[in-house]
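The sequence shown lines up with residues 1 to 189 when you count with the UniProt record's numbering.
Please keep in mind that the hints were generated in silico from the structure rather than gathered at the bench. Since we're looking at a predicted model, the values are computed, not measured. All the pointers check out, no bait thrown in.
Quick list of simulated restraints, FRET-style, between CB atoms: (1) L147 <-> A5: 47 to 57 Å; (2) E113 <-> R84: 27 to 37 Å; (3) T104 <-> F9: 15 to 25 Å; (4) P173 <-> A5: 45 to 55 Å; (5) D135 <-> F9: 44 to 54 Å; (6) A139 <-> A5: 44 to 54 Å; (7) G158 <-> P7: 36 to 46 Å.
A virtual CB, placed ideally from N, CA and C, is assigned to each residue, including glycine.
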Amino acid sequence: MTSDADPRFLRSREAILNAARELLLESGPTAVTHVQVAERAGVGRATVYRHWPQAEPLLVEAMATVPMPFLDKPTVPTREWLRRELTAIARQLDLDDVRAVSTTLANTALWDEDMDARRAQFAGILTTRLAAALDDAQARGEITLALASQDAAAMTIGPMYYRSTIERAPADPALIDAAVNALGTWAAG
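Modelling step: build the complete structure from the supplied sequences, incorporating the hints.
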């Protein structure tokens with residue numbers, strides 16, 4: 001019996017992934033370490049290393065199973081909601097583990113079909129949510145968009161990702177405001 005079909009292998013893998021997911025939700029990405037995951041899952045560290053030799057792929061897989069909290073449930077006024085959401089994303093990108101996971105995901109997606117599917121799913125969720133919120137805001141007269149709403153995620157999240165991963169600096173409120181303002185003309189009020 002191959003290890004992929006061995007029920008013990010599958011049970012330990014599921015226990016490890018569940019533990020990683022719980023730690024991620026409770027304490028954030030920095031808690032997803034081999035030691036903490038092994039302790040939470042009730043398995044030895046060697047078992048965690050056997051399934052995931054490096055912590056980043058484990059974190060990526062755990063993140064893929066957690067509901068995406070960003071750009072969900074827009075509120076009015078949209079401009080303030082978007083600033084809050086982008087600030088939350090920027091704070092996450094300031095964390096070394098999140099920065100490592102996001103760059104690992106982008107890099108690995110070039111060669112790994114499963115990772116590329118996760119990348120596409122992640123990007124699709126952000127794009128769809130933000131586009132819908134902006135389309136609704138435009139219909140309410142809050143904004144006249146200067147670009148297609150489907151391009152808004154690249155226009156707003158892209159600069160923060162660049163600042164975090166390429167410059168390795170935090171995205172400050174001025175960058176977030178510039179990204180929000182570049183989306184179009186916001187109504188006064």
